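Colleague: Sequence:
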Amino acid sequence: MGTRRDEISTPVGGHARATASAGRVLVVSSLGATLAFVDATVVNVAFPDIARDLGGRDLATVSWVLNAYNIVFAAFLVTAGRVADLLGRRRLFSAGIVLFTGASVLCALAPGLGWLIAARVLQALGAAIVVPASLALVVHAYPAEERAHGVALWSAIAALAAGLGPTIGGLLVELSGWRLVFLVNLPIGALALVLARRTLVENRAPGRRSLPDLAGACWLAAAIALVTLGLVRGEGWGWTDPRTLASFALAAGLLAVVLRRCRWHPSPMLDLDLLRDRTTAIANLLTLVGAAGFYAYVLCNVLFLTAAWDYTVLEAGLALTPGPFVAAAVARPASRVAERLGPGPVLAVGAATWAAGVLLLVEAVGPDPAFVRAWLPAILVLGVGAGITFPVVGATAVAGAPGDRFGSATGLNAVARQLGAVLGVALVVAVLGVPEGAAPDVTPAFDDGWRLAGLCFVATALGAVLLGRAVPLAPAAAPAAAPVTPAVAPRARAPRPAAPAPVAAAPDADDDALAGVGLLADLPADVREQLRPLLRRRLVRAGETVLSQGAPADALLLVASGRLDVVKDGQPAGAVGRGAVLGELGLLTGAPRSATVVARRDSELLELPRAAFLALLDRERSVERALLRTLAAQVAALPAAPAPASPARSGTLAVVERHPTGLHDALLDAVAHELTGHGPVARLGPRDGGTDPRARLDALERTHGTVVLAVPHDAPEAWRTFVTRHADRTVLLVDADRDPDPADARTAGAGHLVLVDAAPGGAATRWRAAHPGWAHHHVRRADRSGTLGRAARRIAGTSVGLVLSGGGARALAHIGVLETLAAHGVVVDRVGGCSFGAFVGALLADGRGPAEIDAVCFEEFVRRRPASDYTLPRVALARGRRLRALGDRLLPGLVEDLPLSFFCNSADLQSGELRIHRDGPVADALLASSAVPGLLPPVASHGRLLVDGGVLSNLPVLEMRRSGEGPVIAVDVSSRFDPSTARPRTTRPRRGRAPEDADTLPAIGDTLTSGLLLGSVAELEANRRAADLLIEPRPDGVGLLEFHQLDRAIAAGREAAERALAAAPPPGR
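Numbering-wise, the UniProt record's numbering puts 656 at position 656 of the sequence shown, and it's gapless, one number per residue.
These are calculated hints, taken from the structure and not from any lab test. In this text, all values refer to a predicted model and were calculated from it rather than measured experimentally. Incorrect hints may appear among the rest.
[To be verified] Derived pair list, reagent style EDC-like, types lysine to aspartate or glutamate, alpha-carbon separation capped at 20 Å: (1) K568 with E584; (2) K568 with E529; (3) K568 with D554.
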């Protein structure tokens, strides 16, 4: 037996969705359906009062009060089910309750029979909306293995409601007349609306949907009305009268029209595909036949008790009461037995019992009242038969429907039930034929009515043997998504050695320093000796300009130590270090300098004047060969296209502790460990430098890829100054509660701020303002291992970045991706996103796991629907106030205070520029990033009007790569229109137009979302190519605002992530 969805579901790591239990959904949904089914029979006992109060009409005329309700109810059930699939079942459920309750008030106010019949039509239309939406909500609430049981319980409640209708009606008529029968719906309807708002969650059918066949529903209603007219008037007109024959003929013609429309309409009145399944077709046929017998004997019983036994309306209602209670009692065990044995044997027994009950009425009940001896046993047997048959046949009719057609299947079964009601009432009226009390002994006429019902039950029992077990059909589109399952506990990263990375001792300086310098190292020793007097040593300070773009080329420069940045046309063009040759092209061609070179740190250069260089080239062929080899190596190292910035994984890295934190050595160990994957790492501290720290540093750089310069808080000022001038990059470890030191402004170049225990609300902002352009990291003493490891990975350039695209509700697929990445042990250290992807990313950056993000999205976007505060579209369709409140409630802090590095983007509506949000209130940034033009108003910020960042860059991978802190995983859920999944045509092909022209039109949601991204297509492709791993979920059928499709989108994300990880192992593992 499966586990039922309870008050909290999918518990993972202490976080779960707060969802209503299936039982609560059943109760609330059934309350609305009860209103509809009670009113299908409650009017039966009010017939005499209605006839007397509204003009003394005969039974055939007054029967239209009941028939009009049943006809409209039956005709529009399937259509209403499709509308519920399209617009949302909770929404339609509530709308149907409002319509039903309002029409009930109109019924109570009716001054004449015509008014009452018209109001009953409106009431039936509301009921037709409520019933399929109600059952579809129940089906969605129960897990697949218990779905048949849930449907059986709903059917039992419906049968109980219909059975209690006469009893309730009798009580109300006795209390205050027939008008109270309708007025009582007002408070019940109001209660149902309140409970629906608090309990039910919106859901719709997955996949692409189309408008239902409203015209077909109208034709079906007309056909049923004509059949009913012929049946109820046939006795009076004559069965061969032209009017009777014309009614049946026109009905047959209209039914043919309906069936013809069902063959081509994309959302037909009757889903013929469902009826192709033998079990489903037989179950619906048995529903129709059984309902005809049920409604026939219910009406017959009421009229018999009031006409033959002269019971009052209240007495008649009470006499019928035992049957529904017995039915409710046996429904649950009967459905359990059917689950084990199959529906056929159970239905055969139930229908045979039903027929036995009717036989008791015919044989034991006579003109003289005998309630205990004759009536009560028959009613109890009828209750057993109804309690077994109705729930099981209803569950069987729906159990074989795929997930995307539950609403249609339940509507179809309800249509069969209501068609049976129409036929049963019409046939009873035809059989009885006279108003009650018109003959001295009416018992034989009622015996005929009961025999009619008995024949229906015998036919049902015989048909039950043809039933098999229901096997779900394949869905028409993509299968319905399974409920979200708990994320697998993420595997921890491989344990890191506790010991620090090995530190090499600094060797003595080489006697011949020239032999270790790039170009010179390739020269014979005698040629180096010739060069020695020609070379001039040049020491440059950090920040000093070495070469200027456009200046004359007057010398060749060789980098003996240090690191220098190359700038071309004002833009960074790279960095060079030990062994690099600068200015050679200008000397060879006579052209001016092509770039500017600035020392990143104190560096040593060897300068060879132009004349000496050219003379040496003419004299020594070895110099020419060495220069060609050096140039070839430099050209080979150039990227094919401009590459994003990346941290230098060679050179010097200073780890400077500004305040005593107790974390300096631990940070050094973590950084050194991460850097060892890129080559040997050496550490140089204040005690290791000796009397000539620059020489020792130079020696270490010759043999190691990276030298980490350790500066504890108590390091001598001389060592601190030396490190400041010789570090390629700087990591500043600070106590965030203290104020920045102006002395830190001397630190050259960009670097990393490691903020220890930064208090939210200003500490990080203050330090970032003092060090603009620096990356910042949050480290907590309470989680020193995890937070230091994250900082080290980012500093070393080994951290994994995750970029999440926008896409409205489709971006819920990101949650499935997060689950899968966690299950595969991928640790995400940086997050960026756009639109709704930014919202998911912000929750991740706030330290929330996939399970908690799932729970938040379910509560906020499925239950509360924050984008639904619609208004007159002067600025936008929605006000956006609920989204603002959501952001303030869930993420009230600043972007720079988030535990993980985070950014999102938006588009400036006035300048057309992309805005990157790395600081400021998180809620403001998210609202700007998700302000879809037209749907949400632009966000005013510092004189700008900001809208959804997807307009310019829906997948900002290049922005993530700009920091160069490691590989990037990108998740793109951008909607791409695929003609193979386009909705079918909604009309027959026009003459001269190819059918396929209509079949390749995108749905409106695809058109809107794709249109928004048209301007950023080229940008999107460039960003997709820049990702190290691209994951592409395809949550087809999930529209822009269809957040209720949460499970379907998450499943698509899981599947896409598994597929991508199987094809290429993820970076950072």
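Colleague: Please go over all the hints and tell whether each is borne out by the structure.
Modeller: Now the hints, each set against the structure:
A threshold of 20 Å between alpha carbons decides the hint, and for K568 with E584 the separation of about 16 Å falls inside it, so the pair holds. At roughly 35 Å between alpha-carbon atoms, K568 and E529 are farther apart than 20 Å, so this suggested pair is violated. Taking the CA atoms of K568 and D554, the gap is about 19 Å. The hint holds against a cut of 20 Å.
Hint compliance for this structure: hint 2 is the single one not met.
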